[in-house]
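Enquirer: Build the full structure now, drawing on both the sequences and the hints.
There are 2 protein chains.
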Amino acid sequence: MRSEDIAKLAGVSRSTVSRVINNYPNVPESTRAKVLRVIEQHHYEPNSFARALAGKRTDTIGLFAISMTEKENASRIYQNSYFAPIVDMVVDTANARGFYVLIHTVYSPGDFQKVKQAFLQKRIDGGILVGTQKDIELVREMVTQEAPLVLIDYDISEIMAERLNKNHLAVINSMDYEGTVEAIEYLIGLGHREIGLIKGRMNTFSGRERYLAYENTLKKHGLPIRESFILEGEFLKESAYQEVLKLTQQEQLPTALFCSNDDMAIAAMEAFTENGISVPDQVSLIGFDDAQLASRITPKLTSVRLPIDEMAKAAVLKVIELCDATEPTFSTISFPTRLVVRDSCKSPAL
Amino acid sequence: MRSEDIAKLAGVSRSTVSRVINNYPNVPESTRAKVLRVIEQHHYEPNSFARALAGKRTDTIGLFAISMTEKENASRIYQNSYFAPIVDMVVDTANARGFYVLIHTVYSPGDFQKVKQAFLQKRIDGGILVGTQKDIELVREMVTQEAPLVLIDYDISEIMAERLNKNHLAVINSMDYEGTVEAIEYLIGLGHREIGLIKGRMNTFSGRERYLAYENTLKKHGLPIRESFILEGEFLKESAYQEVLKLTQQEQLPTALFCSNDDMAIAAMEAFTENGISVPDQVSLIGFDDAQLASRITPKLTSVRLPIDEMAKAAVLKVIELCDATEPTFSTISFPTRLVVRDSCKSPAL
DNA sequence: CTGAAAGCGCTTACAG
DNA sequence: CTGAAAGCGCTTACAG
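Residue numbers (UniProt numbering), protein chains in the order written: chain A, 1 to 350; chain B, 1 to 350.
No lab work stands behind these hints, which were simulated from the structure alone.
Just to be clear, a hint being listed does not mean it is correct.
Pairs count within a copy or across copies, as identical chains cannot be separated in the list.
DSS-like mimics (lysine-lysine), calculated; alpha carbons at most 27 Å apart, straight line [as the list claims (entries may be wrong)]:
no. : residue 1 : residue 2
1   : Lys116    : Lys56
2   : Lys34     : Lys116
3   : Lys313    : Lys134
4   : Lys220    : Lys346
5   : Lys56     : Lys34
6   : Lys114    : Lys34
Fair warning: this is a prediction, and the values are worked out from it, not measured in the lab.
Expert: Below you can see the structure in the form of structure tokens.
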């Protein structure tokens, strides 16, 4: 069933059918009603490709999850405590506004071709990128496409410095620096002076911010920064577990460990516990993200809450806004974090 | 940049460009190379809508998660231990084969319109439906579309009985009945005679199968089936928690409880523990699905492993196969389950 | 208010 | 082996 069939049945032209479908004002109620009836009766749906080809929107936004430095077979990305809520919220928000969501994952640089194609082939009205590495070249390439693009977790200063064409672009971040400062100062307030860190992935904006804040806060309070207390975690459970295992072999342990995300904090907890080191009696642990699991393990994990849902929602609203906008704009939003105190920290034993 | 531009630059006609793009055999290597070079140089990508309109595939499959009877705000569907792995595997498998995945969630009957549209508007080559209720009308409607459709977890006998047009249709199930029998007989083997159950959602195929198997197995072994030991869980953590809380108030407790999924088993464990009832010392617990979390709680949960990854993968391969097929077919695959014994069951105290 | 016609960017018989 | 032309199903100036 094509618009022409509807036109014949309703006794009008295809033009008029199109006007009705697109809700144009210049068609009298009676004609509109007549056409609408026929459409209803025949469950007619205009072919989305023909519409798009003739210049209409696709009503689809892309969501591209980039996960390139993951270790082998760590491909369970939609079960990851960071990505899963994003997918959840993006799909929900987009669907509620009448958009479909086109998903593609990027595991290797080659996969990137597919996201560029999604834009070039005009499959989507706009796209959201999560997990972008510090890779300005890539962002530059994406930005040259005329389509709206939203980056979640990306260093704005880099974009500024590179003087990218920022039309149709938006960046959504969280205040990782401030959140980390709050966490570290909380530990200091409890009396800790030997505070360690498990790093996130350093080619990630949030990874760098969390690390920087850790270092600066210790310095500011005149506390020691010990190489041996700084572990490489890569945001991954497995890496963190191994690193903490090594840590437990050392002479001296930190009395508190700030973990750059909850996954690593949970892994650290397992590693400590399995080696007879009690959390929080012997070592305090603090995570970041406040993932679902944080409040469901024992002891319950103190964590910096990342407003991931709000961020994902904002990302969708932003792409849609950019799709509708006649004037291209550049904007950036930074969401505040909040320390959620639970049971994994206490004052150090004397 | 359109195919016509490429044609001019390469000194051929659009037809030839098209033949090269579609890898048709009847074009000599030299011509092919010439055209390919121009395409490369200009990063040309054929417009996907124009291709689709002219009869090519969309290289997109739909994934529709249906979640209608959930309680309010239970909308965190992509974080659900059943849906999340499916999304994961579907996206991965489809992407690896060059397909995009179009996602839409169905929270209310109205949302269903969007999945029908996705087919009618030809946005996708085929689709996968997860979470379909016992709703043959809906399936009938979906099936009348000519596009390939794969149902995960649906009662085949219903489809047979209704004599649906089964072209382009496939159903993927797991052997829930057998899995449940194995679990119950394991409990019986441990010496349990008072075995309770938390039901899943009864308008779901797996929910009904698991319940039936429970009942039949108890009967077969001459064990009592007590109304008061059969709880309504709806597959939901919250419901299960409340029901188990009520159960703990009763005079007599079962010595073992079979839970129709892991989420409910975990909730049950929490409810028991918080009320001073020890798992597995006072009550044995067994789950279904073998979700990620099952092996990460204490005590580790004994559970019937659902090969959800294999099922999701099979679903994708099936849609793709149906897309390629010239002869429409109907097929159904049933995946075996397997009891994974951990620490949440022991013989009942005497 | 409304229709005929051109155009969106491809593919594919058809003819040579 | 290859090009001219029709067609896929819409939308949108244009003219009336």
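Enquirer: Look at each hint and say if it fits the structure.
Expert: Hints and how they fare:
1. Lys116 x Lys56: both (20 Å within a copy, 20 Å between copies)
2. Lys34 x Lys116: between (43 Å within a copy, 24 Å between copies)
3. Lys313 x Lys134: within (23 Å within a copy, 32 Å between copies)
4. Lys220 x Lys346: within (22 Å within a copy, 55 Å between copies)
5. Lys56 x Lys34: within (24 Å within a copy, 34 Å between copies)
6. Lys114 x Lys34: between (44 Å within a copy, 24 Å between copies)
When held up to the earlier numbered hints, the structure conflicts with none and fits them all.
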